[in-house]
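Colleague: In the order they appear, the protein sequences are chains A and B. Taking our numbering, the leading residue of the first sequence gets 181, the next gets one more, and so forth. Taking our numbering, the leading residue of the second sequence gets 2, the next gets one more, and so forth.
It is worth saying that the hints were derived from the structure and are not from the lab. Glycine is no exception: its CB is placed at the ideal position from the N, C-alpha and C atoms. No false leads were slipped in.
Selected chain B positions facing chain A (in silico; Cβ < 10 Å): (1) 34; (2) 38; (3) 54.
Where chain B lies over chain A, by a calculated footprint (3+ residues, C-beta under 8 Å): (4) 194-207; (5) 221-233; (6) 236-248; (7) 251-257; (8) 359-370.
In silico negatives: residues of chain B with every beta carbon more than 10 Å from chain A: (9) 4; (10) 6; (11) 8; (12) 10; (13) 43.
Spelled out from the first residue to the last, the chains are:
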Amino acid sequence: MTDDVTDDAPLSAAAEYALGLLTPAQARAFEADMNSDLSLRAELAHWQEHFVTLTDDIAPVTPPKATFDAISARLFDAPQLRRNWFGWLAGAASAVVTAAAVMTVVLPAPNPTTNDLVAGLVGADIDLRVDATFDPDTNTLLLNRVAGAPADGRVLEMWLIAGDDAPISLGLLPDAQTGQVQIAADLAARVAGGILALSDEPLGGSPTGAPTGDVVALAPFSSV
Amino acid sequence: MATREDIETYIGRVALGDRAAFAALYSATSAKLFGVTLRVLNNRAEADDALQEVFIKVWRAADRYQTNGLSPMTWLITIARNHAIDRLRARKKGQAGLDEVAELADSAPGPEQQAIASSARAQINDCLDELPKDRAEAVRRVYLDGDTYQDLADAMQVPLNTMRTWLRRSLIKLKDCLSQ
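Please model the complete structure; the sequences and the hints are all you need to start from.
Modeller: Now the structure itself:
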């Protein structure tokens, strides 16, 4: 076919932004432009109204009965998170006593972007504070050990607890005060709604693939 | 069936923390939103989980809906579509997260925008039909399947920059058509 439009024909980034075709840097730049140019916002709304009609043919499907209760629990029933956690812990009796004393605190991360997820971990029995920020754009988990350190000859291992599944190791907490770890894509999708936990482990980390030492801190990931 | 006004009222009350309104909003819109997450993710368990996260976002972002120029169903479906596609793309790096897209638009609606919602229906399909078939299909795949420029370039066996140029030209034509 022949294209009768030149490559330089004017097109703002609104359509590509609505479609999700921009790189993260381009998307952030467009958002900045939108803040100073209301016509871009109107244009974006225009595209969104048009594109959304592409879903007109998608038939409604009644979700499972339990779904609304699950949403309510996740929003309004904070202890639900801990019930899941303790449900898992029932199989790891040695950790229960310590975990019962663990506090969960959510702390804001520095300079978060809009879709980051943060978890602020505070140890109850030991002096430890770790701020974790997960960036879903890059699947990186940034760690800032604000206070405390593992005991001599021991390490802290990070675990993701998603739903009722057993904890999945995210590797060792970096030695440096700040560091980052790359989260595998299949795990990254489960960070939202998940819990980050730290366990005390021998050098090199848990030899079994499950936490073997005390759980020293845990906190849910939440939106900034 | 809930009207547009009902849904706007629910969202307004959800913004004030009204759980009963949240339940009503869920009951009125969850089937459509589940249809969307299911269509994108093509996996019931994942679509269910995505739906939960969508409603969590809706609860938290309802105060930003207010009168943002989007019809309430557009706002809700856009959140669902963007979230489902973000999950689908979780394996791909270097692609902007979409979740914030719907939440960002919070400018007051002009009369023009208010008119869009009613006229948009079906219009985009007519306009897509005016594009070459493969270009129209590319736009649909981006919106409903989360294809990136790279995915499209691979599928159509053209260089990335060529694909980008083609799609941008298609969007320009689409914009012209939609504005007529």
